[in-house]
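Enquirer: Read off the chains here:
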Amino acid sequence: MSDILKALIEIVGERGVSNTPEEIWFYSRDPGVLTPHLPDYVVAPRTTEEVQKIVLLANREKIPVVPMGNGMSLTGLVIPLKGGIVLDMKRMNKILEVNAMARYAVVEGGTSQGVLKACLQEHYPQLRHSIPDAPPTTTIAANAALHGQGRLTQQYGFNSEMVTGLEVVLPTGEICLIGSPSLGPYWFSRGPTMPDLSALFLGWLGTTGIITKIGLRLYPNKKIRDVELFVTDRVDLIPDILYKLTHLEILEDVNVWFQPKPLMFQGNFHITLYFTGDTEEEITFKRRMIWDALQEYMDSKDGGFMSVQYMKEMLMEMPQRGIADFADVPKGGGFEYSGPITILSHFPQYAAKVVELAAKYDVLYASSARLISGGHCMMFSISFAFNRNDPAMMTRVKHALDEATAFALEMGGIPWKPNFMEQKMIMEKMDPAARKLLQMIKKNLDPQGIMNPGNWEVNT
Amino acid sequence: MYALKWKEKVCATCTSAECLLKCQYISFTRHDEAHGEMMKVVRGEDSRVLHECATCYACEEYCKRGNHPFYLISERREGRGMFTAPRPITNQWKNMTQMQGKYMVGQVKDKVLSCCFIPDLGILGTGEIFKDVASAVAFGAEFMCPAVHTHFARMSVIKERLPIVIENLVKLGVKEVICLHDECYGTFTAIASAYGIDVPFKPIYYMDFLLSRMREMKDRITPLGIRAAYQRPCSNRLIPDKYPLVKEILDLIGVELPAREYQGENCLCCGEILRSISGYKLADDVQERNLNDMVQTGAEYCVFNCPACQSSLSEKVAKKGLTPVHIINLCKMAIGEKEREAR
Chain A
1 MSDILKALIE
11 IVGERGVSNT
21 PEEIWFYSRD
31 PGVLTPHLPD
41 YVVAPRTTEE
51 VQKIVLLANR
61 EKIPVVPMGN
71 GMSLTGLVIP
81 LKGGIVLDMK
91 RMNKILEVNA
101 MARYAVVEGG
111 TSQGVLKACL
121 QEHYPQLRHS
131 IPDAPPTTTI
141 AANAALHGQG
151 RLTQQYGFNS
161 EMVTGLEVVL
171 PTGEICLIGS
181 PSLGPYWFSR
191 GPTMPDLSAL
201 FLGWLGTTGI
211 ITKIGLRLYP
221 NKKIRDVELF
231 VTDRVDLIPD
241 ILYKLTHLEI
251 LEDVNVWFQP
261 KPLMFQGNFH
271 ITLYFTGDTE
281 EEITFKRRMI
291 WDALQEYMDS
301 KDGGFMSVQY
311 MKEMLMEMPQ
321 RGIADFADVP
331 KGGGFEYSGP
341 ITILSHFPQY
351 AAKVVELAAK
361 YDVLYASSAR
371 LISGGHCMMF
381 SISFAFNRND
391 PAMMTRVKHA
401 LDEATAFALE
411 MGGIPWKPNF
421 MEQKMIMEKM
431 DPAARKLLQM
441 IKKNLDPQGI
451 MNPGNWEVNT
Chain D
461 MYALKWKEKV
471 CATCTSAECL
481 LKCQYISFTR
491 HDEAHGEMMK
501 VVRGEDSRVL
511 HECATCYACE
521 EYCKRGNHPF
531 YLISERREGR
541 GMFTAPRPIT
551 NQWKNMTQMQ
561 GKYMVGQVKD
571 KVLSCCFIPD
581 LGILGTGEIF
591 KDVASAVAFG
601 AEFMCPAVHT
611 HFARMSVIKE
621 RLPIVIENLV
631 KLGVKEVICL
641 HDECYGTFTA
651 IASAYGIDVP
661 FKPIYYMDFL
671 LSRMREMKDR
681 ITPLGIRAAY
691 QRPCSNRLIP
701 DKYPLVKEIL
711 DLIGVELPAR
721 EYQGENCLCC
731 GEILRSISGY
741 KLADDVQERN
751 LNDMVQTGAE
761 YCVFNCPACQ
771 SSLSEKVAKK
781 GLTPVHIINL
791 CKMAIGEKER
801 EAR
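From first to last, the protein sequence lines stand for chains A and D.
Residue numbering for the first sequence follows my numbering, starting at 1 and increasing by one per position.
Residue numbering for the second sequence follows my numbering, starting at 461 and increasing by one per position.
One or more hints might be untrue.
[What the hints assert, rightly or not] Below, in silico cross-link-like pairs of lysine to any residue (SDA-like), each with a Cα-Cα straight-line distance of 20 Å or less:
no.	chain 1	residue 1	chain 2	residue 2
1	D	741	A	288
2	A	286	D	775
3	A	261	D	547
4	A	301	D	775
5	A	261	D	554
Keep in mind the hints are simulated off the structure, nothing from the lab.
Quantities reported herein were computed from a predicted structural model and do not represent experimental measurements.
Bound-form chain D, shown alone:
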């Protein structure tokens, strides 16, 4: 079984404790307090962090020393037999994402377009932008990044399934895996690395692919001339170096991304997992603050990266007067392949 690669000494000598001081869901005001609680986690002791962590992934980004506080919290929770979400929800996710031999693979050669286990991604990965890879699709639990189980503190599921997913992709004979799901890329890079799991292919982040393709099709772009707010997904916390791509892509297609409070490191969760874990009060509060913040910027569109965020928030942003749209569809609109989403 794979084990998390982390160093107690790194936490013990940490002078910032930003992993917890920056946390949006557990309140810490003093360094010694935050550091003390994290050290309890490190030592395998009980800590309020184990009971209050909302699983937003953000501490993975806050920790600049790469010591994986979130994975460690999740490991400790599982080790103590704790459930973050209700037990039946946790088990449902485990069952729902079980490999059952019901997958789809297209005409794959050296590249595969991974749609994870999210049907919506199959439709997004089509058209002129994806014309060279759209037929090389892979979809199903057999190709699903198991990172979602981090929310449920079931790292054992990740450690068990991720090597199999990687092996399934390897069996396709591919050199490159274009990940349409943000979380897949985060899993094949950040999580796999944290657990020492070998990834014998090159994961390609779809936004890198998108930016490259849009540059190639620059002549076809008609700037959209709109203002948008971006909903950054939790999994993007695993790959913060990829966050700037959003602005680069949106700049290229004439979409203004006005500054707002809940962006970048300070972004807020879409709320769906919060609802599962702790109930509506926290989820409603987070969503309300997030959406009001979007509205205040004068944004006309809410741009999504993750289909799960989009599913969770689409109806709500629409009720606030914003049009929900995936960033790929925004690009398709810019090259005239897709009508503007109705407002």
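Only chain A is shown next, with the shape it has when bound in the complex:
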């Protein structure tokens, strides 16, 4: 047994460490199309102190550390590109506090979306958090760390903007509290009115530290949720339609999607509109506002509301399980997407690009855009399905996604949760001074370069 393995066992116990081939095989990959790479060890800590000890050990031995939530980014963000330790955070899954009056929760760094949802439903039914349309086992901290989005993103912004404080183990081993918890017991503010240090850890994809605790805003959970589905076959109208809808300031969530299969969806762009209320009167009022806002498109016959009765159950799910159903159309159950963040007025160009790429690479597409912060921008997913047992198809999907990222950058968009190659493309296009600042921050926080190496690495 190596000295490192012994040291890791000493920190987390025998059941918390593994380097057996069958276990590290699983931690070498994610469900996307990137090439796997084996870690040397998988470690599952239970406390912040254990995380700290692991990081200190890694520093001493100069071993890479890759913090991992549920590993569902699809873009290989937790594939250990340079081996080392994959730090599986899922055993740190406690809800530490719910402050109902201040509407925030504090959870450990490996707590899943499903655990928080279940806790709130049972004990705080008047509160909710912004649930992403990902499996409920995905973790809150990882989602925030990659600027994830959820069901409340249209109203309140990226899920990372809902962070109210952090506890972080720095790459050098210090345990650091960020925001109001650095001054007292309350987790109500990530920064303001101080400098917002949380920005040093959000969007960095685990390259600047390990989030061991996270505070998260909670929001009112209205008694009634409802949904409408507007369709149009004119992509050029989508930006205006979205502009009118967001002007209403009443929508919980807005998703725009299009896909060629099943046949009933072919040729149309669908806008799913979620809204909430505490009374039937409130729901009716909001529904009428939505319909009124789009009446002109009905009058011109360019768009209309479709009946959602048969789809309602599926549409109302949180998270929506059907979102990845199209992965099974070509059989083999794989899908990956590029999800650039962009402005609404570019929707038609992005939509055309999806169709073009799918034809060029002979793959099946589906696309869904989620509005962010009342329409200031959107996440436009360019998704392709593939058969995991068909390497040629996976290669075609990879090329299509690379091209989608290049297109997004050309259009002035920002690739979301970029894989390491996309990060390079971003940094090449980035303002040089900004790139230098990024490098300075990273180098200062992680002088040994042990944190998720291969990601956000500036070539010098």
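Since chain A is already given, all that's left is putting chain D on it; use the hints.
Expert: Relative to the frame of chain A, chain D by itself:
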């Protein structure tokens, strides 16, 4: 291509113009005005009727001379390239109901139980009432009556698909097709006849079948002793002679059908198509009047014939305190096969 069988002379000599004078959605007060507008339709000219028709099917019932005013209005609309509903909705319906070879056929001999393309009908067509035919089921777009496209003024889709549907049923080798969907029966009888499309099997209306079976099982019936309001579907306008069956069945199982304003010829649409076509204002108004009318009768249940109406109105009638139930399930309740629907 099949063509609508109608006679200009019949409209030209019409002295009642009831097709439009009785219309619940376009207001006409004088015979000459209504007749004049219909004659514009007949001559292929533009008319307010082409722009305001809500596609409720009712004029098919109002016209006692069998000249098919609704089909004609729909033909004229399509001929002029008009859309009743928004274009993407129209095309969605066309795509959604496209035959794709994804159908189900049970153990069919000389009879088939047609579930159209409506999954809910498969569950309804089971149990003691359907014991001899439940396994002989056919379901899918290949067996779907295309009448819904009338709402969208796409008669060409009906003319193209209906002969194929009929042919698909013929291929099953059946002599009788029991139609669980009201509209299927209306299509195989009224629409097919209006377009001269041959139907080489005997369509059986499910309510005829239901009444016959309930009579056979009379000893098993425990009268339900409830009051109900009936939601008559648009497609029933195509087969008005079958409307009395509802009362006969309900009488047999001890369900009182108190008189209400919006029944029979004066029944109101469930509202879902109205919502698609013109927006919520008309749909909300129609549904509100309809539901309030049901409530005023003291009805405890709202009885449905068409699953689409049921889907559209169930939640709303429940909020008004009525229990939504399909007439088949009501019969199953009467023979003790099904628990009473929870109120």
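Enquirer: Going through the earlier hints one by one, which of them does the structure break, listed in rising order?
Expert: 4
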